[in-house]
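> The residues making up each chain are set out below.
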Amino acid sequence: MTRVRTVDEVFAAIQQVKAAAPAFCTNFFPVQKKLQDWITHGELRSESRNGAAFFFREDRDLQHFYFCGGSVAALESGIGSLTALKTERVVADLVGSEAALKDLRGCLEKAGFRRYSQLQRMARAAHSSQPPVSGVDAPVVFAEASDKRAISELLESSFDHYADQLPTPYEIEAAIEAKQIFAVKCDGELAAILFFETQGFTSTVRYWVVAERFQSKRFGASLIRHYFATQSAVKRFILWVVATNENAVKKYQHYGYAADGLIDHVLANEMIQA
Amino acid sequence: MKAIADILKEIRPEFDFTTSNDFMADGMLDSFDMVTLVSTLDKTYGISIEGTQIVPENFQNLQTIEALVRKYGVQL
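Sequence lines, in order, name chains S and L.
Sequential numbering from 1097 applies to the first sequence in my numbering.
Sequential numbering from 13 applies to the second sequence in my numbering.
It is worth saying that the hints were derived from the structure and are not from the lab.
This structure is a prediction, so every number in the text was calculated from the model and none was measured.
Among the hints, erroneous ones may be present.
Simulated pairs of lysine-lysine, DSBU-like, Cα-Cα distance not exceeding 35 Å [to be verified]:
{"no.": "1", "chain 1": "S", "residue 1": "K1114", "chain 2": "L", "residue 2": "K21"}
{"no.": "2", "chain 1": "S", "residue 1": "K1198", "chain 2": "S", "residue 2": "K1347"}
{"no.": "3", "chain 1": "S", "residue 1": "K1130", "chain 2": "S", "residue 2": "K1346"}
{"no.": "4", "chain 1": "S", "residue 1": "K1331", "chain 2": "L", "residue 2": "K55"}
{"no.": "5", "chain 1": "S", "residue 1": "K1114", "chain 2": "L", "residue 2": "K14"}
{"no.": "6", "chain 1": "S", "residue 1": "K1346", "chain 2": "S", "residue 2": "K1129"}
{"no.": "7", "chain 1": "S", "residue 1": "K1198", "chain 2": "S", "residue 2": "K1182"}
{"no.": "8", "chain 1": "L", "residue 1": "K21", "chain 2": "S", "residue 2": "K1198"}
{"no.": "9", "chain 1": "L", "residue 1": "K21", "chain 2": "L", "residue 2": "K83"}
{"no.": "10", "chain 1": "L", "residue 1": "K14", "chain 2": "L", "residue 2": "K83"}
{"no.": "11", "chain 1": "L", "residue 1": "K83", "chain 2": "S", "residue 2": "K1331"}
{"no.": "12", "chain 1": "S", "residue 1": "K1275", "chain 2": "L", "residue 2": "K21"}
Examples of chain L residues lying across from chain S (beta carbon under 10 Å, computed) [what the hints assert, rightly or not]:
{"no.": "13", "residue": "A37"}
{"no.": "14", "residue": "S51"}
{"no.": "15", "residue": "G63"}
{"no.": "16", "residue": "V67"}
Glycine included, every Cβ here is placed at the ideal spot set by N, Cα and C.
Let the sequences and hints guide you as you build the complete structure.
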């Protein structure tokens, strides 16, 4: 396994697999900017074998696993000899419908992965109606550089880093700078945040969370109302939510989101406890 | 023959694909939508788009998608 040093190395490895691919399969859809960030921070390693390319991205105490196979058979042949799958905590995401992913999931399960969590994508059209306001909204501000540590602590304590792809410190820093984190503060303390990414006409809520001791004060409602009100050019709002988290799903439905059929199957290897 | 713009409209009815030159940059399509679109193009035109062709450059705008399906003999 070697550390990836350039974006071109990644695309060359993928292209090599694709060139001889009878039935190309992958869970790797790299966006150039993110890929460059991972490489700059030394997080990405790769290995090519038996008609397949594998990538591991280091994140906290785990590795995110990505693959490109010329076929499921090629993938199966290559994946069996990856020692990292036996020695490190590894998570893989498979996105698509249950039926379409059956073979890939089978292949990963043979290599020691098991179902860990399931996320569903929800979408909301810009013209969706909003629930009536039942009180006065709290003031919402952009998070500042000095909020970085508090944001990180709030996210780490509220989400599961194996399933929820939590941001790295440099991602939080970049999001603050890009004004992609709204916050509600109470006596100078960070009480709630809404972390989002807007790309053209589509905006994604990445994390929306209220610190436990500030709940039931309408801070969450204030944040999301402010978010919708400020994204005037957006036509489609999306987010990913743990499919079994009924409270969260209901909350998003309340604000006009509905499942759009896309599922993220989060698989973990045996080194990660269920 | 069904137009590419109509197929895109069925996948993402909220967008007007005729006004954009870069669907990805404008947030109108993402990599997951690309997979759905490939499957719809395959079914609609009776073709089989190869894995090597499933790259963002081929799905940038209406012209690039039309050029892609024409490679498979589809006459639009």
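> None of the hints should be skipped; say for each whether it holds.
Results of checking the hints against the structure:
A hinted pair counts as satisfied when its Cα atoms are at most 35 Å apart, and K1114 (chain S) with K21 (chain L) qualifies at roughly 29 Å. The straight-line distance between the Cα atoms of K1198 (chain S) and K1347 (chain S) is roughly 31 Å, inside the 35 Å bound, and the hint therefore holds. Between the alpha carbons of K1130 (chain S) and K1346 (chain S) the distance comes to roughly 31 Å, so the proposed pair stays at or under 35 Å and holds. Of the pairs offered as hints, the one joining K1331 (chain S) and K55 (chain L) holds, with about 28 Å between alpha carbons and a cut-off of 35 Å not exceeded.
Under the criterion of a C-alpha separation no larger than 35 Å, the hint pairing K1114 (chain S) with K14 (chain L) is consistent with the structure, at around 29 Å. Between K1346 (chain S) and K1129 (chain S) the CA atoms are separated by roughly 33 Å; this keeps the pair inside 35 Å, and the hint holds. Only pairs whose Cα atoms come within 35 Å are accepted, and K1198 (chain S) paired with K1182 (chain S) is accepted, the gap being roughly 23 Å. Proximity of K21 (chain L) to K1198 (chain S) is assessed by CA-CA distance (about 29 Å); at most 35 Å being required, the pair is judged to hold.
A hinted pair counts as satisfied when its Cα atoms are at most 35 Å apart, and K21 (chain L) with K83 (chain L) qualifies at roughly 22 Å. Between K14 (chain L) and K83 (chain L) the CA atoms are separated by roughly 17 Å; this keeps the pair inside 35 Å, and the hint holds. Simply put, K83 (chain L) and K1331 (chain S) have alpha-carbon atoms about 32 Å apart, close enough for the 35 Å limit, and the pair holds. With a C-alpha separation of about 31 Å, the suggested pair K1275 (chain S) and K21 (chain L) falls inside the 35 Å cut-off, and the hint holds.
Proximity of A37 (chain L) to chain S holds as hinted, the smallest CB-CB distance being about 6 Å (cut-off 10 Å). With its C-beta approaching chain S no nearer than about 9 Å, S51 (chain L) sits inside the 10 Å limit, and its interface hint holds. For G63 (chain L), the suggested interface contact is upheld, since its CB lies about 3 Å from the closest CB of chain S, less than 10 Å. Hint status for V67 (chain L): holds, given a least beta-carbon distance of 9 Å to chain S, under 10 Å.
When the structure is compared with the earlier hints, no violation turns up for any of them.
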